[in-house]
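Take the sequence shown: its letters are residues 589 to 685, numbered as in our numbering.
Heads up, a few of these hints could be off.
To be verified - Between beta-carbon pairs, the in silico distance windows are:
| no. | residue 1 | residue 2 | range |
| --- | --- | --- | --- |
| 1 | E678 | D619 | 19 to 25 Å |
| 2 | K622 | A643 | 26 to 32 Å |
| 3 | A674 | E621 | 23 to 29 Å |
| 4 | E671 | P626 | 20 to 26 Å |
| 5 | E678 | E623 | 26 to 32 Å |
| 6 | E658 | G679 | 20 to 26 Å |
| 7 | G679 | D619 | 27 to 33 Å |
| 8 | L654 | E680 | 17 to 23 Å |
Note that these hints are calculated values from the structure, not bench results.
Source: prediction; values computed, not measured.
C-beta atoms are modelled at their ideal positions from N, C-alpha and C, and glycine is treated no differently.
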Amino acid sequence: MPKQETSLICKSIAFLFAFVAPVCAKDAKVDFEKEIKPIFAKYCGHCHGPEAMEAGLRTDDATTSLDVLENSKKWKKILEMLEFGAMPPEGEEKPTA
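All chains should be modelled from the sequences, with the hints used to inform the complete structure.
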């Protein structure tokens, strides 16, 4: 996987942890279902969703930013796999922005 694409994915996940979660903690309105969950569905869900839980991992089970924070070990592992370049697998669509 090209380093630039991996970096973009990692930055997206880091954004989630750095900005979305604290905003939610301040009772700001972030529409997780509309703004965050579609990213997981598009780039992760076909391998890590209800029908295919590769490595026993689902990314569609988070319904709020708080769910992500409460399962931080899982999301840390996801971030590590992205940083390592193991995910998304070669040949799979990757975020462009």
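These are the hints, each one checked on the structure:
1. Between E678 and D619 the beta carbon distance is about 32 Å. The supplied range of 19 to 25 Å is therefore violated.
2. At about 27 Å, the beta-carbon gap between K622 and A643 stays in the expected band of 26 to 32 Å.
3. For A674 paired with E621, a C-beta distance near 28 Å keeps the hint of 23 to 29 Å intact.
4. A beta carbon spacing of about 22 Å between E671 and P626 agrees with the range 20 to 26 Å that was offered as a hint.
5. About 28 Å separates the C-beta atoms of E678 and E623, a value consistent with the hinted range of 26 to 32 Å.
6. At roughly 33 Å, the beta carbons of E658 and G679 sit outside the given window of 20 to 26 Å.
7. Our hint of 27 to 33 Å for G679 and D619 holds, since their Cβ atoms are close to 31 Å apart.
8. As the Cβ distance of L654 to E680 is approximately 28 Å, the hint placing it in 17 to 23 Å is violated.
The earlier numbered hints that this structure contradicts are 1, 6, 8.
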